[in-house]
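Engineer: Protein sequences appear in the order of chains A and B. Going by my numbering, the first sequence opens with residue 10, and the numbers climb by one from there. Going by my numbering, the second sequence opens with residue 584, and the numbers climb by one from there.
Some hints here could point you the wrong way.
Reference excerpt, derived from the structure (chain A facing chain B, CB under 7 Å, subset only) [stated by the list, open to error]:
1. G80
2. A81
3. S84
4. M86
5. Q108
6. H113
7. F114
8. L116
9. G117
10. A119
11. L120
12. D175
13. N177
Computed footprint of chain A on chain B; a stretch qualifies when at least three of its residues, placed anywhere within it, have a C-beta under 8 Å from a C-beta of chain A [unchecked claim]:
14. 699-712
15. 716-727
16. 749-757
17. 899-913
Hints were generated in silico from the structure; no laboratory data involved. Think of the CB as a built atom: it goes at the ideal place given N, C-alpha and C, for glycine as much as any other residue.
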Amino acid sequence: MSDRMLTMAEAVREAMTIAMEEREEVFILGEDIGIYGGAFGVTGDLYHRFGPERVLDTPISELGIVGAAVGAALSGMRPIVEIQFSDFTAQAMDQIANQAAKIHFMLGGALHVPLVLRTPQGSGTGAAAQHSQNLEPWFASVPGLKVVVPSNPADAKGLLLAAIDDPNPVIFLEHKLLYKIPGRDPVPEGATRIPLGVSKVVRTGKDLTIVATGIMVNKSFEVAEKLSAEGISIELIDPRTISPLDTAPIFESVEKTGRLMVVQEGPSHAGYINEVIAQVSGSACFGNLIAPIKRLAGMNIPIPYAPQLEKVAVPQIADIEAAAREIVKNWR
Amino acid sequence: MTANPLLMGHPLSSPEHAKHALLYMYRIRKFEEAVEDLFGRGMMHGTMHLSIGQEAGPTGACLALQITDQITSTHRGHGHCIAKGADLTRMMAELLGKKIGYCGGRGGSMHIADAETGNLGANGVVGGGIPIAAGAALAAKMRKSGTVAVSFFGDGAMNEGAFHEAANMAAIWNLPLILFCENNKYGMSSSTEKAFKLENLADRGKGYGIPGVTVDGNDVVAVYEAAEAAVARARNGEGPTLIESVTYRWKGHSRSDKNLYRTKEEIEEWKDKDPIPNFIHKVLDKGILTQEQIEEIQKVSTEQIMQAVKEAAAAESATPDGLLEAVFKAVSA
Numbered sequence: 010m011s012d013r014m015l016t017m018a019e020a021v022r023e024a025m026t027i028a029m030e031e032r033e034e035v036f037i038l039g040e041d042i043g044i045y046g047g048a049f050g051v052t053g054d055l056y057h058r059f060g061p062e063r064v065l066d067t068p069i070s071e072l073g074i075v076g077a078a079v080g081a082a083l084s085g086m087r088p089i090v091e092i093q094f095s096d097f098t099a100q101a102m103d104q105i106a107n108q109a110a111k112i113h114f115m116l117g118g119a120l121h122v123p124l125v126l127r128t129p130q131g132s133g134t135g136a137a138a139q140h141s142q143n144l145e146p147w148f149a150s151v152p153g154l155k156v157v158v159p160s161n162p163a164d165a166k167g168l169l170l171a172a173i174d175d176p177n178p179v180i181f182l183e184h185k186l187l188y189k190i191p192g193r194d195p196v197p198e199g200a201t202r203i204p205l206g207v208s209k210v211v212r213t214g215k216d217l218t219i220v221a222t223g224i225m226v227n228k229s230f231e232v233a234e235k236l237s238a239e240g241i242s243i244e245l246i247d248p249r250t251i252s253p254l255d256t257a258p259i260f261e262s263v264e265k266t267g268r269l270m271v272v273q274e275g276p277s278h279a280g281y282i283n284e285v286i287a288q289v290s291g292s293a294c295f296g297n298l299i300a301p302i303k304r305l306a307g308m309n310i311p312i313p314y315a316p317q318l319e320k321v322a323v324p325q326i327a328d329i330e331a332a333a334r335e336i337v338k339n340w341r
Numbered sequence: 584m585t586a587n588p589l590l591m592g593h594p595l596s597s598p599e600h601a602k603h604a605l606l607y608m609y610r611i612r613k614f615e616e617a618v619e620d621l622f623g624r625g626m627m628h629g630t631m632h633l634s635i636g637q638e639a640g641p642t643g644a645c646l647a648l649q650i651t652d653q654i655t656s657t658h659r660g661h662g663h664c665i666a667k668g669a670d671l672t673r674m675m676a677e678l679l680g681k682k683i684g685y686c687g688g689r690g691g692s693m694h695i696a697d698a699e700t701g702n703l704g705a706n707g708v709v710g711g712g713i714p715i716a717a718g719a720a721l722a723a724k725m726r727k728s729g730t731v732a733v734s735f736f737g738d739g740a741m742n743e744g745a746f747h748e749a750a751n752m753a754a755i756w757n758l759p760l761i762l763f764c765e766n767n768k769y770g771m772s773s774s775t776e777k778a779f780k781l782e783n784l785a786d787r788g789k790g791y792g793i794p795g796v797t798v799d800g801n802d803v804v805a806v807y808e809a810a811e812a813a814v815a816r817a818r819n820g821e822g823p824t825l826i827e828s829v830t831y832r833w834k835g836h837s838r839s840d841k842n843l844y845r846t847k848e849e850i851e852e853w854k855d856k857d858p859i860p861n862f863i864h865k866v867l868d869k870g871i872l873t874q875e876q877i878e879e880i881q882k883v884s885t886e887q888i889m890q891a892v893k894e895a896a897a898a899e900s901a902t903p904d905g906l907l908e909a910v911f912k913a914v915s916a
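Modelling step: build the complete structure from the supplied sequences, incorporating the hints.
Structural biologist: Written as structure tokens, this is what we have:
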């Protein structure tokens, strides 16, 4: 086992490098991904390694970029699109939701769209409402899209390799605050894939199940470590892909702990965690619950600018800690 | 019924080419007349967008294409499908919601695609196919496949951002793309006079640094010649061309259209410019085909459509089995 510690940006770059070395159909296109190295430095030196044709700088044309990727994918290529901020996918939504997502089904299965769209999402950079959203539910509500939300470098690498192999359109949502921090676990060398649609039990515990994705996994993990000193044992589950959603490990965990908290960065209204709650409510594990399900999500507001305002808009470590302690203490 | 292998070349270059051009224009016309009839009799559901009167555009353009060249099409796309060589029975079966239809009943009139003939699909979104065609052209360039892509779209699509973004990318990357605008004078009810400040929409080519040509879209010969020049340019690595093929839609936009935005006189005026007799006069004048041969082609095309309707009507209806599994292509182990 390797003990290499990489940041998520490095792990994503490594996955793209491996995929591009493995198959010549793989190429990357997006804004400022060439010499500039990507707005968040994710493509880095790939332009120099693979050349301007396979690391293709585009004009500022999100709809055109995704459309071109769809057309290239239909014609035997394996494009990886980088959209500079997830917020800008709004410009490209026709190609994402009406074209890429539906082509295989709607056109009778003769054609398919092996396309990965990577994009940074999330708040915490002071970039305000049009550069800070968490848009997981937008994509998860469209049949035909797979939606991946990696929470650490090792997962990001394995999941991205699997996403590039996948014959379907995959939306790959990277939290920008995770780009520069190393994960807790080393990133294995080589080209090991992590299959899409498999939840991961990040930490086992017996008092409370927390389901979280992306940066909320990291925050919840910190809380779990801290509360274990108080004798509160938390089981943390990271679905890793929210579409398709692997619920079996969640049900199993809830059956064991009897308490469930779901945490997401995006606004609570119509968030993907509501789907988790609905599925738990409809399953046999519901009978084992001894506490009301706790939902911790962002406020139903656009992300504000000032740091003190931005902080209250999304769940922070202190919020998760307080909520976890409350559930376990109040429901015995 | 299997599709004819695609023929390439000038419609007046041989009797065979002239027959092909005429047969395909008739096929499109009669296919759509049959569709209109089936709708009228309540045998077809949903909606339909007919291209009757516009047959010369797709027929002329596709005579310049190889079977491996790719196209994207529109909501008014029966003509493009047929001209590119689609199977008439499977098309009709799709419109009738049958299992053997191109989309197994999941797509209908606006979503017919045919991988075997390079048809990447009709599209329910105005302008939706244009960036996709640019992407197909990008792949052709990257893979050095030597193929070109043609995006068919209407005048309305030229005011979509998708057109602008795709045209610009195709231009800066010298992609083998033909932007084929079928200017049929109306985007639903909006006339080009209302929606553009330009007389010739092809002038927009200049804004992207690419050639723009306007042709008589009811003259299959003129369309072919423009398409052939654009295809040659594209194959030569010289980049995209914008073709504006001026034509007219005889029928309403869709079933709900009451034609309140145009006059009967205008429609009649354009019916006098019918692309089919237009071409027949040419081939008779030049002695390429005889009156008997022309009548034979008309008869054959009618029989082919009747046969397609018959086979499609008799085919098994699509069933809900497997709908969930059809959303994603299975991941191979």
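Engineer: How about the segment 716-727 of chain B: do at least three of its residues have a C-beta closer than 8 Å to a C-beta of chain A?
Structural biologist: With 10 residues in contact (Cβ-Cβ under 8 Å with chain A), the coverage given for the segment 716-727 of chain B holds.
Engineer: Can you confirm whether chain A covers the segment 899-913 of chain B, using C-beta to C-beta distances below 8 Å and requiring at least three such residues?
Structural biologist: Coverage by chain A holds here, the residue count being 5 at a Cβ distance below 8 Å.
Engineer: With chain B as the partner, please determine if A/G80 meets the hint condition of a C-beta pair closer than 7 Å.
Structural biologist: Holds, because the Cβ-Cβ distance from A/G80 to chain B comes to roughly 2 Å (cut-off 7 Å).
Engineer: Has the segment 699-712 of chain B got at least three residues whose CB is nearer than 8 Å to a CB belonging to chain A?
Structural biologist: holds (count 6)
Engineer: Would the hint on A/A81 be counted as holding, given a Cβ-Cβ threshold of 7 Å to chain B?
Structural biologist: With Cβ-Cβ at 4 Å, under 7 Å, it holds.
Engineer: Does A/F114 pass the interface hint, meaning its C-beta sits closer than 7 Å to a C-beta of chain B?
Structural biologist: Check passed: Cβ of A/F114 comes within 5 Å of chain B, closer than 7 Å.
Engineer: Holds or violated: is the Cβ of A/S84 closer than 7 Å to a Cβ in chain B?
Structural biologist: 4 Å, holds
Engineer: Using 7 Å as the Cβ threshold, decide whether A/N177 counts as touching chain B.
Structural biologist: 5 Å, holds
Engineer: Report holds or violated for the interface hint on A/M86, using the least CB-CB distance to chain B and a cut-off of 7 Å.
Structural biologist: At 5 Å from the nearest chain B Cβ, A/M86 passes the 7 Å test, so the hint holds.
Engineer: Does A/H113 meet its interface restraint, that is, does its C-beta lie within less than 7 Å of any C-beta in chain B?
Structural biologist: 5 Å, holds
Engineer: Next item in the hint list is A/L120. Is there a CB on chain B closer than 7 Å to its CB?
Structural biologist: Nearest chain B Cβ about 6 Å off; hint holds.
Engineer: Can we keep the A/L116 interface hint, with Cβ of chain B closer than 7 Å?
Structural biologist: 4 Å, holds
The structure fails none of the hints (numbered hints given earlier).
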